[in-house]
Amino acid sequence: MRKYLRLVAIQLRISVASAMAYRANFLIEGVMAAAWLGLTLLPLIVLYGARTEVNGWDLPSALVVMAYFTGLRAVLEGVISPSLVDLVERIRNGSFDYVLLKPVDAQAMVSASRYEPWKAFDLVGAIALLVYAFHRRGVAPSAAEIALGAGLFVVGALAMYALWIVCAAASFWVGRLDNLMYLLGAIFDTGRWPVMVLPGAWRFIFTFVIPIAVMTTFPAMALLGTLDGTAALATIAGTCALLVVSRWVWRAAIRNYTSASS
Amino acid sequence: MTKRSSTLSRTVRALPTLLRVGVAETVAYRAEFIVWILTTTQPLIMMSLWTSVAHGGSFKGYDADAFIAYYLATLLVRQLTGNWVAWQMMEEIRMGTMAMRLLRPIHPFVTYMASHLAALPFRSIIAAPLVVILLITSASGGITHDAVQLSVLPLAIAMAWLITFAILFAIGALAFFLTQTTAISTLYFGLFSLFSGYLLPLDLLPAPIAKVAAVLPFRFTLAMPVELITHTLPHAQLAHLLAAQAAWTAGLVAFAVWIWNAGVRRFEAVGT
Chain W
1 MRKYLRLVAI QLRISVASAM AYRANFLIEG VMAAAWLGLT LLPLIVLYGA
51 RTEVNGWDLP SALVVMAYFT GLRAVLEGVI SPSLVDLVER IRNGSFDYVL
101 LKPVDAQAMV SASRYEPWKA FDLVGAIALL VYAFHRRGVA PSAAEIALGA
151 GLFVVGALAM YALWIVCAAA SFWVGRLDNL MYLLGAIFDT GRWPVMVLPG
201 AWRFIFTFVI PIAVMTTFPA MALLGTLDGT AALATIAGTC ALLVVSRWVW
251 RAAIRNYTSA SS
Chain D
263 MTKRSSTLSR TVRALPTLLR VGVAETVAYR AEFIVWILTT TQPLIMMSLW
313 TSVAHGGSFK GYDADAFIAY YLATLLVRQL TGNWVAWQMM EEIRMGTMAM
363 RLLRPIHPFV TYMASHLAAL PFRSIIAAPL VVILLITSAS GGITHDAVQL
413 SVLPLAIAMA WLITFAILFA IGALAFFLTQ TTAISTLYFG LFSLFSGYLL
463 PLDLLPAPIA KVAAVLPFRF TLAMPVELIT HTLPHAQLAH LLAAQAAWTA
513 GLVAFAVWIW NAGVRRFEAV GT
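From first to last, the protein sequence lines are chains W and D. Taking the working numbering, I'd label the letters of the first sequence as residues 1 to 262. Taking the working numbering, I'd label the letters of the second sequence as residues 263 to 534.
The shape of chain D in the complex, shown without the other chains:
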């Protein structure tokens, strides 16, 4: 058996345990978890703001109902895809507890991923009422009824989750190089809220910014799954979007692991 395949089988065998640990962690820190979830309620404010604006007549094609559907979908996708792995990693690198993690024979990308995946059932509990409200308020017109599109939605959300995780993991790994990366994670959040459609629907952005958003990965973390909920797209475009999202996912995961591997070598140099 080659070295690579034994690493893989070891990782697969450890995965259920890692997930169980993750669930236990989430339950243990439930107060923190709930507070963290509440911080993602900005779309609610934006929703009420824009619906109050749209009451004076539709705004660039968006009426009040369209804004409600858009921001509820945003809240839903954000709830399912958000994580705080960068902050967790910075803390562990700064405090030195990262050394413990390095002793384990499994790549930290997997261990962190398992611990954040385990939070998903809890996030779904929060997300479920959102789905119900979305269905009640927008079922008549604000959301798509296309079966194919709805069936690929879980896939799109899963890839959005992985892209978000890979970017934040890469930012966390930057702490190996810079020791203080809070500024970078703030910068990330700024770019994210602008280019992902978190702040405003992308088609409301001024044209030059919308063009930049089209070539960046951020829209695949949020706007694209949201669009799959709120718009009915031609199937050719759907396939195109999914392919682009898959390409970004593969590229960014590889990039995150590469940054980590480069960083760990420096960490060893600092630690000894």
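With the rest of the complex left out, here is chain W:
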């Protein structure tokens, strides 16, 4: 385990160093984190400018969902996406062979191979949004709600990771699949809305087929204190199932892998 932690630390250091090499991008990304947050908030502002609540969701509770979405997107764009884009690139040019030769688990090696350190700004934005939302709500969450909310954030991030690993595994068969990542990203974008605001068919799809609700709406409800025990357990159980499936798909993909270099 300590071996893996050291590995992650080393890879993080490399990413920071290489990010420093592109300083122009760095500055742009900083400004963009703020601008992006504003852009994500705009439809909410427009919507709640003329309505006090939609299907039982008022502005502060919708803002909490938005904060979870922003936080998860930081994890997605800061860790998961860069690593997997890197993986697809390695499969294409054959250097993935070297990863398989290393004496550590390939999935662990691949999952944390590259970071975008600047995305930490989005996390700060997410926390600021949470604070503001609860300030407007007037009621602070209890310690238990904070614990469950934080725990389910991690669970949501794991569910997202599992989905993306399945997608990356597909690239073993198809060769290149950065487009599928874009698609998954576009679908994930729906997570900014509380799933209950959407019409019934979408609600079903985003809860059970592509579990976006598990990643943002349910954890937000936990923090708001409106998530019942069964739903919390179902969220955790569903994520565990996703992780098992993704591991299984990954293993199948590795077995099927026939190197681009030979």
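These are computed hints drawn from the structure, not numbers from a lab.
Far from chain D, by Cβ distances over 12 Å, these chain W residues were calculated:
{"id": "1", "residue": "2"}
{"id": "2", "residue": "97"}
{"id": "3", "residue": "100"}
{"id": "4", "residue": "104"}
{"id": "5", "residue": "108"}
{"id": "6", "residue": "135"}
{"id": "7", "residue": "150"}
{"id": "8", "residue": "166"}
{"id": "9", "residue": "230"}
{"id": "10", "residue": "257"}
Partner residues aside, some chain D positions facing chain W, computed with beta carbon under 7 Å:
{"id": "11", "residue": "294"}
{"id": "12", "residue": "297"}
{"id": "13", "residue": "298"}
{"id": "14", "residue": "300"}
{"id": "15", "residue": "301"}
{"id": "16", "residue": "307"}
{"id": "17", "residue": "310"}
{"id": "18", "residue": "314"}
{"id": "19", "residue": "315"}
{"id": "20", "residue": "445"}
{"id": "21", "residue": "452"}
{"id": "22", "residue": "462"}
None of these values were measured; they are calculated from a predicted model. No residue lacks a Cβ here, since even glycine has one placed at the ideal position from N, Cα and C.
Following the hints, complete the assembly by docking chain D onto the known chain W.
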């Protein structure tokens, strides 16, 4: 014969071949193509969200049917005008395969344009059912019946296509200067989704943002053709909009070619 006119005739002669190559490319990468098209389905989500909001009473003048017409039209225009030339160019500049393209005696603006134009028939296959759904759901009131307006719609969509292409081509050419321009293309998409009406109809935006949107080119890439479908405009205003769109088209194409020409000189410096 002057040099310029021979370049032009060469380009015209090469165009059919370039288009054929483009069609072949699209067919070869059909899986990727379909996935890329599916990423533009965000308007569907926005449509269902806003119709569910509008069921509780009309929202600032938009009832559920108006939202359906607006977002279906958005999806349609976006389907016909979208392209990914910036990403393609960044990849080619980074990987060095751009050098091959520079060897050809035709300006890359034309070669890229031909390859993306060739995707249009395939995009139309996706767009056709959208038109049918739009006609079924909104023919009674959500869309215009004005013949003049409908007859200039293809022109407006063609110019929207060219503006989008020119902007993305310019962004792609920035990779000559910055080597990593993914941040800029993300920024572009942010500005686009806000100021073009992709996210929300422009008249629902807060007043200060709507004012900014009015002076930027983005609305001519999407909101304006969409408005031509969903609203019936006075003919004077129609002419005014088309003139403004034509001006933006000319300006942005010139700008894109200029950025490219400036960038290529740097590329040569890096390559040797």
